[in-house]
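*Asks:* What follows is the residue order along each chain.
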Amino acid sequence: MQDPSHATRIQRIKKSAEYQFLTLLTRVDPAVGTLWWLLIALRSALPSLFAISMGALITAVNGGHPLGASLYALGGLFIAMQTLPPVHSAVSANLAAKTTTYLHDLLLEASLAPAGIAHLERPDVNDRLAQARDFDLGVTGPALTTSLPRIADGFVEIGGGVGLAVVLFTYHWWAPILASFGWLWSHRLLRKSSVWKAWEDPAVVDELRHVNYAYTLAVRAPAAKEIRLFGLADWTVDRYFTRRKRMVELTIKARALKKWPITVAVVAIVGGNVLLFWSLAHDASAHRLAIGSVTVFAQAALGASALAFGEVDWWFRQGSQSVPVVLDLVDDLRNTDALIAEGKTPVGDAPQDAIVFDNVSFSYRGGAPIFDGLSLRIPAGTSIAVVGQNGAGKTTLAKLLCRLYDPTEGAIRVDGTDLRELDLAQWRMQLAAVFQDYVRYELPLADNVAPIGGSAHSIERALHDAGADGLASVDTVLSRAYAGGTDLSGGQWQRVALARALHAVQAGAGVVLLDEPTAQLDVRGEAEIFDRILEATKGRTTILISHRFATVRHADLICVLEQGKVVELGTHDELIDKRGRYHTMFELQAARFEEPGFTGDPDTEADAVEEVTA
Amino acid sequence: MMRGIPPKREDADLPSMPASLLHSLKFAYGAEPMLLVVSFVFTIGGLVPEALAALWLRVLLHGITSGNSSETLRAAIGLAVTGGTGWLLRTVGSRFTAIFSDRIALAVETHVARLQAGVSTIEHHERPDYLDRLQILHDHSFLLNHIYPSLMQYVGSAARLLITVGLLMSISPVLGLLVLFAIPTITVTTRRAGAERHAEEGAAPNVRLARHFFELGTTPGAAKELRVSSAESVIAGRRRDAFAAGYRPVAHERWVTAWQSGAAWLLFGSAYIAAVSFVAHRANTSSGDVVLTLAAGAALSRYLGATVGQTEFLRWNIEAAQRLLWLERYVGSRSGLGQGTAPSVIREGITFDHVSFAYPATDALVLHDVNLTLPAGSVVAIVGENGAGKSTLTKLLCRLYDPTEGRITIDGVDLATVDPTSWRERLGGAFQDFFRFEFLAANSVGVGDLPRLDERPAVTKAVQRGGAVDVVEHLPAGLDTQLGPSWRDGKDLSFGQWQKLAVARGFMRDQPLLCVLDEPTAALDAETEHQLFERFAESSRAAADDGRITVLVSHRFSTVRMADLIVVLDGARVAEFGDHETLMANKGLYAELYGIQAAGYR
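Chain order of the listed sequences is A and B.
Under my numbering, the first sequence is numbered contiguously, ending at residue 616.
Under my numbering, the second sequence is numbered contiguously, ending at residue 691.
Worth flagging that the hints you see were computed from the coordinates, not collected in a lab.
In this text, a Cβ means the ideal position worked out from N, Cα and C, and glycines have one as well.
Treat the hints with care, since some could be wrong.
With a straight-line cut-off of 27 Å between C-alpha atoms, the simulated BS3-like cross-links for lysine-lysine are [said to hold, decoys possible]:
#1 B/K580 <-> B/K550
#2 A/K260 <-> A/K247
#3 A/K16 <-> A/K100
#4 A/K227 <-> B/K550
#5 A/K567 <-> A/K580
#6 A/K346 <-> A/K247
#7 A/K247 <-> A/K261
#8 A/K567 <-> B/K550
#9 B/K580 <-> A/K227
#10 B/K115 <-> A/K247
From the structure, some residues in chain B lie toward chain A, with a derived Cβ separation under 10 Å [to be verified]:
#11 L195
#12 S209
#13 T308
#14 V317
#15 S318
#16 V323
#17 L355
#18 L489
#19 P492
#20 G537
#21 R554
#22 R645
#23 S647
Please model the entire structure based on the sequences and the hints provided.
*Replies:* Below you can see the structure in the form of structure tokens.
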């Protein structure tokens, strides 16, 4: 029967960061990982073999024997001791890079795998994600490429020390104990004061995030303009400094050396070594030990000190600590309340009839309800504009339609089938969307239009349809942070995002979602783009979210959202006649263009519009 | 269809290594003088005793062969005590070093952050070659802090090495030649650090790209679109590709240097064996001499390895220090951009005098020979099509860049002679690419006027001015709500809600001389926009006594037309200039664009 405490100890070891880290190495790349371990074993054996051949040489010198064999052995071992480290260091650095990318891969795939996006919006997950994301940036500790070579060297030192202890064993069984007890004990005594256990404390994690946030704010580009405009440089750096300082002082306090353990360790080390060397000297003087053996054992005793020295503890801990963070997070991401995408019903060319929001209620993760019994019928093949004040839930409507979330109550039906029963991958292939915060890929223009690929012709056409031809060559990277790259203005980016959606329409998407697609376009662009979009999406079901009533009015249907419900639905003319919310909002914007003295020539205007639409 | 991005080489115009090292030492001495000295002394003291072990070993063997037991015993005790002392000094020393490292890390990182945030212009955030360098400063900030422990280890190792060489030469001066054979190992190692760093810098664009994919895939914002466009299926693969493209040259470089150092060590190893053989075959040699040669020679290689290894690490550290010094000099070159104080009122106006501008390291002129005057007390609208240079004009007004040619004057005083900080204290406004400050709502707005960050009435007033009252009302804890979904109890806002808060932030200051509104309402709804603009006009009129100028960039002609003056930019030049009536009568570009938009409401 197995001892239960033994079993839990094994489990504890298996859960430890260090164990997870070490076992990861061979999983990442079996060949390189094994080579890494082999080199450790090989290099560990060298010091004791060297000590032994040294003894042989001394024996030969002392006895006047020929030196040849022992000298060659010594030479070979010595050269191996010198040439293996640089090779090992290259193996370590490359293995470290592979491990880093392996962990990134795991994290990325786990974060991309769920069909919904709720897992990325949970604060507890986000805390850890922030921690896990930055493990290789050298912010919280050294990057693995720096630490792994040092971990390898540290292991070799310890392995060498163990090898020498084994050599000492051939002198007396107690010799290795005397030689290494003090050195090993020193680890144990000091370990307590070298670890700061509070790292996992949620308050500390929170504090760390604040520290990193303030640092990022100070050194990265996104906030740069406002940092300067409002003179926030010192303020944000001080925020970073005071919080970080508090943590540094806490760490220092936690690691303070205790006087007592130090004294015990010194006594143990000096005492043990005095006894051992005295015994060697005594045996040699009494001719019980040959001079060659004395040399071997003395070398071994000296070498055992490798068991105490080295910063391997620190490097090892630093290198390991991120591994469980990433692995646990990956597990959690996989098991987080992901929406269940098991629908099998083929989508085909749906919707042919209509998309229906049937009494839909929805709230984010226990927050206030965004929708409360919302019902809306979007006939297939028509365009519908959704208007409403900020926060009315327009974007949420789009998110539900993409099935990034499921309704809390009620259902969304496509041609009568619940969205949850449809094959999700197929449904998304039916969608083309431009969100307000569309993605700006730091990639060539072509990839920005067709992230999952497309023919040169279809890319050109999508760019043309979005009025984005001539922005840049399709091979130009759209970020100035890359050689030969270029930055686009907000309006230019928006056209690229539109081109991306239009490209998806070409590829067969039947439902088009446009969330403020012209917010950053100029006048001519806005007027022009709508005609182009309407043309390119003819026959598709188009959902347009916009504040601009000049564009909204072109939609077949207009839906006014307020307080989680549809308050008005109809064509532009119907809603204007109704003199309700839509009418008020439209008039507010229109009034700004009406002026008693306006003498604009209607012909000129008509020309202008024609010119643009041509 | 992943396209590999070619690695980019940078021309090294970095400060010299000795200068950078000295600079870093001065910095540390300034920050933590006591700890620096104490950890230096302990580290060196802790490394030296070990070197004496070889000497004790010779005494031990001599005692045994000559049958002198008191000598033997003395050697035994000597060996034991040497080890113990070394350990104690090293242990205590490493603690001092750790404390020193932690404190100096804080000081260094704060310094880097302060330097970067403190540069008054934003060029370093927009130039690829600078970005590469800064990335190394961030990503390897660790190296910057470890320059000190590394230097201490280096000096300690060197001392240990000298003692060992001395011991060897005491047997025969010829043995000193061993050091010569060690030179290739040092050369190779020195070359190695630079070569690897160089390869890493070449790989930086790919690393950045891999990071970009990684962040796209793990942040909520992009998560929506990635899923809807089915791009989530390719993101992971593309990250891998970008990583591999960056990894290959670096890994290759590592192998090359590994073989080179292997060869160099082979040379040294052969010399070592020759030395041992020389001593062993010498006439009337003693086993004590041989063991000293063996021990000291082996230690020599170990100490040399350690010293050289330290050199390598130290070199990395110094390379980071070079970047730091570069940054400091860069910041220095950007400071002192004018000492003058901003005027308290504008009497005449702000004048653009033959102003041309191209972004640094680019040729295309974004603004070309712009001449115009923004009169004191006026509301000026800037219109033009995308890419016409509207945002650039506002950046120049805020002095985020200086004109490439020509000058901007305030009542005749060149803006370049005014201290940027002093000038910005009199600015207010909001940009289209505003930042989402994830603080408490009150602070997210309050940072717009730092001295009044915690003055609730001021914040409330700014919220009203910015039309963000409804945003705050919907927050669970009002102004005390933490913003940003990733924070504990943090609330996410819609794009439009963030924008309203950004506008409120821009209105925190009570007495701005210049208020820049660069498309701040693009995502706002009709009613908010309407109310907001009424307030713009009102507050501008009320502030006429200090000559406040409001500059408004907008695509909405309904807003633009209320401006006193409208500047129409076209292809980097000023195409038209005047008030609404004048420009309508001109029937030029403005009238055309206005007509297009008005038609939408008729």
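*Asks:* Please write out, lowest number first, the hints stated earlier that are contradicted by the structure.
*Replies:* Going through the list in order, the structure violates hints 6, 8, 19 and 21 and respects the others.
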